[in-house]
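Asks: Chains as they are written, first to last, in my numbering: chain A, 1 to 266; chain B, 1 to 194.
Since the hints were made in silico from the structure, they are not lab data. There may be inaccurate statements among the hints.
[What the hints assert, rightly or not] Cross-link-like lysine-lysine pairs, in silico, BS3-like; alpha carbons within 27 Å at most: (1) B:LYS155 x B:LYS143; (2) B:LYS126 x B:LYS143; (3) A:LYS152 x B:LYS64; (4) B:LYS183 x B:LYS155; (5) B:LYS64 x A:LYS100; (6) B:LYS160 x B:LYS183.
Just so we're clear, the structure is a prediction, and the values are computed from it rather than from any experiment.
If you want the building blocks of each chain, they are given just below.
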Amino acid sequence: MKKASERRDEVKQVAAADKVDPIHQFHINPIVPIHVGGYDVSFTNSALFMVVIVVVTGLFLYFSTAGRSLVPSRLQSISEMSYEFVASMLRDAAGTHGMKFFPFVFSIFMFVMVANLIGLFPYFFSVTSHIIVTFALAMLVIGTVVIYGFAKHGFGFLKLFVPSGVPVALLPLVVSIEVVSFLSRPVSLSIRLFANMLAGHITLKVFAGFVVSLGAMGVAGMAGAVLPLAMVVALTALELLVAALQAYVFAVLTCMYLADALHPSH
Amino acid sequence: MFVTPAYGQEAAPASAGADTHAGTQVPGNAAHEGGGFPPFDPATFASQLVWLAITFGLFYVFLKRVIVPRLGTILDTRAGRIQQDLDQAAKLKGEADAAVAAYEQELSEAKARANAIGQQSRDEAKAEAETARKAVEAELEKKLGAAESRIATIKAGAMKDVGAIAESTASAIVEQLVGKADKTAIAAAVKSAG
């Protein structure tokens, strides 16, 4: 696979990384190369951050609740608040029957939110900035909806595409619209998260790059660099909001889709 | 060293910051070309999917087995404890209300009793004063009667003397005027005048 010309590429890329390249942060580099059956399943920086997310979140949830205090400590409050936040979200959308999906929605919410937040640290990798990850999570949600829907309601699940009270003449049109909207769900769900993370990180990097480039231009440049620096600070705050908001949106939509699986006829 | 793929792959991490995958896709400086955009590089999909499945799967199992039951127990215990405390508080409040009601009852009874006692003593005092007043009045009445009868007696006595005084006075005047006086005529005149 590897050609001699790649060495030149690598050299060029190292050089490019020294300059400001907003895309560089999304590169996936193998740390431990693993090949199984012709597939490259190397342990990469992306995999490393997945492990970091899971370990950090898992340890936090485990040790913050280890005391099982009646009056919670601050850390235990954070765990409890996230639990109750997701629980009320799911209960509102899917009712008490939906609570059987709670561990699933809670895992998705925590994973996506911690992934988004960890990605905000400089030099850290943001796993949700890759479409394949968000698409896999979205397909997991839709797959759960479809499998549970058919297992629970059989072909009654298809009532999801036939809204009640629609005139028969309009049915073909409405049903086709419903089918298209259902099929576009995983796409919109994954692209929304992916694009938000990607755009946010690129914007941050571009403005941070202005700071560096202007700073290299002498005193006047340094004075001018104050503006993009202020912009980077403001954007970081915005991205913090976006990170939490997109995790919330992902979880809310998950809850609503799961509600469809529980009650297909609307 | 970079001639065989296997060595090349292993050597990649050593060259810090270098990206093998983007390089395998597009010759040239991949980072600046659309085809080398890392999120759309299918060569990394398998690795990401596998590691996502492993990490997220373990995460899900850990949360489902350990964290969710634990947090659920904590919250349930707290909700139960709060309910218990609320019940206890409601019971205590009921007791306090009953005590207040009993106190109010006793207070109003005591007030009524005090009123009754006051009324009674007022009545007694009034009655006593009344009898005392009546006795004094009767006494005064009696004294008044006695005084009146004495006045009447004195008046009657005085009236009896008035005739004689008038006669003697009249006869003395007549004698002075006429020289002599007819006693019977004077007496008759005094009588008719009196």
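Asks: Each of the hints needs a verdict: does it hold here or not?
Replies: Here's how the hints hold up against the structure:
1. B:LYS155 x B:LYS143: 18 Å, holds
2. B:LYS126 x B:LYS143: It holds: about 25 Å lies between the C-alpha atoms, which stays within 27 Å.
3. A:LYS152 x B:LYS64: Since the Cα atoms of A:LYS152 and B:LYS64 sit roughly 22 Å apart, the hinted pair holds (cutoff 27 Å).
4. B:LYS183 x B:LYS155: Judged against 27 Å, a Cα distance of about 26 Å means the pair holds.
5. B:LYS64 x A:LYS100: 11 Å, holds
6. B:LYS160 x B:LYS183: 18 Å, holds
Violation of the numbered hints given earlier is absent; every hint is satisfied by the structure.
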